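Trainee: Sequence:
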Amino acid sequence: MTFELTATDKDTNARAGIISTDHGDIHTPIFMPVGTVGSVKGVFHRDLKEEVQAEIILGNTYHLYLRPGTAILEQAGGLHKFSAWDRPILTDSGGFQVFSLAENRKLKAEGCEFRSHIDGSKHFFTPENVMDIQRSIGADIIMAFDECPPGTAEYGYAEKSLKLTQQWLERCVKRFDETEGKYGYTQALFPIVQGCVYRDLRLKAAEHVASLNREGNAIGGLAVGEPTEQMYEMVELVNTVLPTDKPRYLMGVGTPVNILESIARGVDMFDCVMPTRNGRNGMLFTSEGIINIRNQKWANDFSPIDPNGSCYTDHCYSKAYLRHLFISGEMLGPQIASMHNLGFYLWLVREARVKITEGTFGSWKNAMVLKLAQRL
RNA sequence: GGGGGGAUACCAAAGUGGCCAACUGGGGCAGACUGUAAAUCUGCUGUCGUACGACUUCGGAGGUUCGAAUCCUCCUCCCCCCA
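In terms of the working numbering, the first sequence opens at residue 1 and continues consecutively.
Honestly, the hints are just simulated from the structure, not real lab data. Bear in mind the structure is a predicted one, so any value in this text is a computation, not a measurement. Cβ coordinates follow ideal geometry from the N, Cα and C atoms, glycine included. Treat the hints with care, as some may be off.
[To be verified] Cβ pair distances, simulated, as ranges:
#1 K182 with N366: 45 to 55 angstroms
#2 H324 with K10: 41 to 51 angstroms
#3 V369 with D177: 33 to 43 angstroms
#4 T186 with N308: 34 to 44 angstroms
#5 L332 with L376: 16 to 26 angstroms
#6 L107 with S328: 27 to 37 angstroms
Could you build all of it, start to finish, from the sequences and the hints given here?
Mentor: Structure below.
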């Protein structure tokens, strides 16, 4: 995997670049649709490629390990072949599940014991076996196994947690470097900066991560309950330390506005369940603002879902019809909404890329931020 | 013609003297969702009020009672069985 910086904005820290992987190029800034169990929920690969124009998608180590399991994935020849997705894939390590499935796990220095959310069975994740599992899944970019503490964590806990994450990171790197890809193409390991909302911890974590000199770096533990302004502050701070010649990935973020603000602070890669999950639940992100398509007021609005949208669904279907689908519990509704939202997110980052290249990102971003946060 | 059963809020359906403005579903309305245990979850759903509360309701009209959706009388309508 390589990264080439192709443009830098004059007014902000925004950058444009190209990540090259064995499964193709990724133009940054980029949004990566989340496909936890090997499926971007409700969206066909063909639409993901041709309409949404997704260049890379996510998978999740914890979920894929439980189902279908590494044996099946290895027999299939890795997740790309298994799922018939031939573009790049990034897998999260299961670190987020240490956070989101907190009731079902026990943290230890050695690793993390999980109770499967499916059948209650016990599983033990360590930095080493998480690297091995991600080798079996075969993602182009794999993530270090970390602990993601809640945004409200107190300093003492945050400090302790960071120490654990850093120890785990060393072990991840060691294991990763001792092993190699199983399917004939290369993989890259991204370390993750933790440290909650504490400046000194974040700086320390960023310096540690930078010193490892990996092919890309991630910022984790944000958008997990802390105020948005603190998130921006942390992103800005961490990016003063993370190398400029490596892609920076802000994990799990976020709203369209979060993404624009973070691009302005030097982030290159994003992922979030928001466009798909909120889409399934009737929330549309459009070029004019946010729509709750279930609201009564759209019942007789026969205008297209998003007249400026880049997907065929945006022009093909009306708001009134999409509302009808949601109200009627038709599965086509969530599918259309998911595709629309993903299409919008990808349009947004492509547009950001153009503006960065043209040198007009700053003013464009400010105008967009005002528009996109509006509730229609 | 005879006998029996029923009528409760938008729909269905509990409730059969006070704890009932009325269980529960559905529907409707609104909200939440950030490295996905989520096609999920939450709230509201008689009127007025932010709320404490006030007012009007259980087919209709009377009545009994301190008190009625619940008991009595009459009326209207619906369903079932027999002829």
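Trainee: A separate judgement is required for each hint: does it hold in the structure or not?
Mentor: Consistency of the hints with the structure:
1. K182 with N366: 45 to 55 angstroms: holds (46 angstroms)
2. H324 with K10: 41 to 51 angstroms: Check passed, 47 angstroms falls within 41 to 51 angstroms.
3. V369 with D177: 33 to 43 angstroms: Once the Cβ atoms are compared, 41 angstroms apart, the range 33 to 43 angstroms for D177 and V369 holds.
4. T186 with N308: 34 to 44 angstroms: holds (38 angstroms)
5. L332 with L376: 16 to 26 angstroms: Holds, at about 22 angstroms.
6. L107 with S328: 27 to 37 angstroms: violated (45 angstroms)
In terms of the numbered hints stated before, the structure departs from hint 6 and from no other.
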